[in-house]
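Undergrad: From the two separate chains plus the hints, produce the assembled complex.
Chains A and B are the protein sequences, given in the same order.
Just so you know, our numbering puts 127 at position 127 of the first sequence, and the rest follows in order with no gaps.
Just so you know, our numbering puts 1001 at position 1 of the second sequence, and the rest follows in order with no gaps.
It is worth saying that the hints were derived from the structure and are not from the lab.
Hints should not be assumed to be uniformly reliable.
Said to hold, decoys possible - Here's a subset of chain B near chain A, in silico, CB distances under 7 angstroms, partners left out:
no. : residue
1   : H1103
2   : P1155
3   : P1162
Since the structure is predicted, the reported quantities are computational estimates derived from the model, not experimental observations.
Note that the Cβ used here is the ideal one computed from N, Cα and C, for glycine as well.
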Amino acid sequence: MKTLHNSFESDGFVLTSIDHLINLARANSLWYLLFSTACCGIELMQTGGPRADLERFGSAPRAVPRQADLMLVAGTITLKMASRVKVLYDQMAEPRYVISMGSCANSGGLFQASYSVLHGVDRVIPVDVYLPGCPPRPEALLSALIELQNKVKKEKYLRKK
Amino acid sequence: MNTIGIYELLKEKTNVVASFQEVEGPTPSIYVRSDFLLEAMRFLKEDEELKFEILMNQTAFHETEDSKLFWHLYFDAPKDQDESHSHEELRLFWHLYSYTHYHRVVIESSIPIGNPVIDSVTSIWKGADWLERETYDLLGIQFEGHPDLRRIMMPEDWEGYPLRKDYVNPTAYQSIDNTPSEITRSFQPKGK
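Chain B extracted, bound-state conformation (with noise of 0.2 angstroms):
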């Protein structure tokens, strides 16, 4: 089934606010209202002519002005937005396929900066537990409902979440100097 028929089905039998991504190219995706999330995933992986069972990528980025990606797009769609979210937020992808119908779907979420908690769907794959930990850790998203939420990769004390855009490189780590060279500094884009 190709993802307007599944966002068709989604739509039909549960009360999920949803929306549909038409983006040119390979991956259409479905957009979930976050409060809905796991209601959708649910819904997805257990009905019979959609069973995904399988969460292959859980992945997000800082979405910010200047790396609006597709937001003319959700333009098009006010009415499944919630009107507290900010041009700045925090965007969530499921990539999820079915080895019982050979089909996959791209599942998108948003929460804002400054309330960044989601639903955890640890509950209904349990592979979602390390992909959720690094997305904890590189952007700091709470997930309620994961068993264990700590940093995956980066040191426990680390500060801040890397992959954040408005993150600065730290210069010290512990008792480490890690200022940049001069010759480091010269490679670095101009104006930053």
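For reference, chain A alone in the conformation it holds in the complex (with noise of 0.2 angstroms):
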């Protein structure tokens, strides 16, 4: 079989662009901000377990905005929380991604009829992928990472301003 592994294995080459291969390395180091603020916290704390492993496609966690590369927005964000998640966002170096886990940080959720709660993150952060769900599984926040990384690897990264 002709992989990318063996292609090496007599002075063999490969042949490909500078940005597919920046994509490519980009895309499977998503590193994700450790930060979350409701019941999809535990969801993400169990993707991250051996399971589910989000490990295995490069993400792991990080304790620091400034070393995160992925948001991973899990749980209800009231009013006050929102200006520290505009915060987080801010320090995060770019190129920074979001991912929107579960109805409360897409829309308010079950709670957007109370009187301190957010109606969707995507009025503070911009959002790359949203992910239903309440809280969504660990499958799931595995496959919107994969979208993720899908959007990542389309993008001209050394093209942009």
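TA: In structure tokens:
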């Protein structure tokens, strides 16, 4: 079978574009900010655990926003929290991505009639992938991550301003 | 000791204006007029037969014409009612427990919505500190004698008190637009 791995066995070579190569590296090292506000956070932890294992997609949790590429907004965002989410997002280095995980982060969800709940995190920060569910299962979060990887792979990163 | 016994002891040993609320269900309560609150609470904690060392919970709600839960019960005790109280008022509850005698009681009081001031019980139970801050945060009740009466959960610059019945949800906070979407509005009850 012709794979990337055995192409190099006897002085082989690979033809690719630099965009593709960079995007391959970027898409498979989406380090996420360890940040959650509600029960979606429990599913996020489970996704990081051995059964779903986010790290086999190259996603490692980071405790500092400056080291993170991806923000997983897991849970209800209140109006008090919204400004903090904005600060955390602003501290992340570009290029940065956001997955809005669960109904609460998407639209306010179950708690949207409350006086203090933000109607969707996209009112504060730009969102790349919306993931429905209340809360979404680990498999769903993995599929959202793969969706985001596909999006990253389509970017022409070097030609960006 | 049950609630009626506690009530009779309170009436016998102090001159607190109080009435016994015969609510059907597991928690009958003692209504204490707001200006006698501290006297009653101090008695409940220090009396040898009562010894309520623990304030388990302190809460309140906004009672309006529409939401008068047990209003008919208070009509039976007009002498103990402060006449300046309108039907719209803030009703406060204190849940007390005694580790010495293993008994519990619910103390109840009310204050007018126009002048929501009541004595703080932090001088009796230190644990009342955060409970009273929460009540202040959500209902705007001023506790006199509280050491640090600030909002506890809502942001410091929040306007209004969310659990009041006449509270209108804000459509914006700081620079964030929080207007409900079309779908959200379709879920809200009609006639509102």
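Undergrad: Each hint: holds or not?
TA: Consistency of the hints with the structure:
| no. | hint | in the structure |
| --- | --- | --- |
| 1 | H1103 | violated, 37 angstroms |
| 2 | P1155 | holds, 5 angstroms |
| 3 | P1162 | holds, 4 angstroms |
Hint compliance for this structure: hint 1 alone is broken.
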